[in-house]
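Peer 1: Hey, can you work out the whole structure from these sequences and the hints?
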Amino acid sequence: MHFPEVIGVDIGGTAIKLGRFSADGKLLQKQQVQTPQPATPGAVCIALVEAIEALDPDRRALLVGIGLPGPMDVSARVSRVCINLPGWEEVPLADWLEPRLQRRVTLANDGNCALVGEAWKGAAQGCSDVVMLTLGTGVGGGVMLSGRLFTGHNGAAAEPGLIGLDPNGPPCNSGNSGSLEQFASISALRRLWDGDPAELAALAANGDSEAQAVWSRYGTTLGVGISSLVYMFTPEVVLLGGGISGAASHFLPSLRKEIQQRVQAVSREGLRIEACALGNGAGRLGAARLAIERLT
Numbered sequence: 001m002h003f004p005e006v007i008g009v010d011i012g013g014t015a016i017k018l019g020r021f022s023a024d025g026k027l028l029q030k031q032q033v034q035t036p037q038p039a040t041p042g043a044v045c046i047a048l049v050e051a052i053e054a055l056d057p058d059r060r061a062l063l064v065g066i067g068l069p070g071p072m073d074v075s076a077r078v079s080r081v082c083i084n085l086p087g088w089e090e091v092p093l094a095d096w097l098e099p100r101l102q103r104r105v106t107l108a109n110d111g112n113c114a115l116v117g118e119a120w121k122g123a124a125q126g127c128s129d130v131v132m133l134t135l136g137t138g139v140g141g142g143v144m145l146s147g148r149l150f151t152g153h154n155g156a157a158a159e160p161g162l163i164g165l166d167p168n169g170p171p172c173n174s175g176n177s178g179s180l181e182q183f184a185s186i187s188a189l190r191r192l193w194d195g196d197p198a199e200l201a202a203l204a205a206n207g208d209s210e211a212q213a214v215w216s217r218y219g220t221t222l223g224v225g226i227s228s229l230v231y232m233f234t235p236e237v238v239l240l241g242g243g244i245s246g247a248a249s250h251f252l253p254s255l256r257k258e259i260q261q262r263v264q265a266v267s268r269e270g271l272r273i274e275a276c277a278l279g280n281g282a283g284r285l286g287a288a289r290l291a292i293e294r295l296t
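Residues in the sequence shown are numbered from 1 upward in steps of one, following the working numbering.
Treat the hints with care, as some may be off.
Said to hold, decoys possible - The calculated DSS-like cross-link candidates involving lysine-lysine, where the alpha carbons are at most 30 angstroms apart (straight line), are:
| id | residue 1 | residue 2 |
| --- | --- | --- |
| 1 | LYS257 | LYS121 |
| 2 | LYS121 | LYS26 |
| 3 | LYS121 | LYS30 |
Hint data in this document are derived by calculation from the structure and do not stem from the laboratory.
Peer 2: Next comes the structure, spelled out in structure tokens:
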């Protein structure tokens with residue numbers, strides 16, 4: 001099947017990021033629209049159709065990959081649940097979109113998309129075992145083992161942000177309490193400091209000791225969660241993406257220190273922990289790549 005171009009979409013809690021790509025992954029055009037509020041399935045579907053038609057009115061791209069904050073079914077056509085979006089349970093989004101777009105559609109977890117993007121063109125190139133965390137409205141992520149996405153027997157793995165950290169911690173939309181997401185998301189950071197993460201990063205960069213202490217505490221807690229993931233998967237690299245990763249220089253020192261203390265040497269041999277190379281563009285690039293892999 002010949003396809004000159006492909007569209008990749010990354011649906012987040014506040015923004016929908018779209019890109020039109022060549023077959024070799026070159027970004028030809030990008031667009032960002034606000035996620036409808038409330039982000040119900042029907043409202044998001046309408047927003048997607050409008051945004052994709054605006055991005056590619058000449059219909060050069062006949063394949064669409066879409067990343068969503070939650071697990072898909074094995075066929076990659078149904079969004080099983082998105083715990084931070086209202087009403088998202090067993091939503092057949094691909095079936096809804098294809099007749100409206102007249103393009104083929106595949107769905108994937110947004111963390112998996114970001115991981116695939118980084119493995120294709122970013123910080124995980126040449127790596128076969130990778131754990132990724134996306135630190136944003138929620139905490140998503142993905143796992144790659146032996147060069148392949150690990151999605152489990154029913155397509156719902158991996159959700160690294162939903163592992164338990166504190167049995168008495170804040171309740172999570174997943175039904176868990178004290179999940180890693182409750183200590184590493186934007187709202188969790190706001191519990192430590194009442195304000196915008198970008199503002200906190202700017203203060204820390206200017207030498208504000210209180211801001212630096214908040215980031216250090218954040219990194220320590222995140223390090224506790226990542227330690228469990230390192231023991232489980234012994235990856236070559238742990239990648240940090242999402243909006244908070246822009247401040248990684250402020251919390252990586254305490255994070256790395258925590259992992260060094262908690263994880264025995266043999267399990268962290270050669271381990272790299274770093275921010276993603278592609279920033280917020282990784283998700284839409286990976287979604288495009290998965291569309292190419294699955295639909296051609």
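Peer 1: Which hints, by number, does the structure contradict?
Peer 2: No hint contradicted; all consistent.
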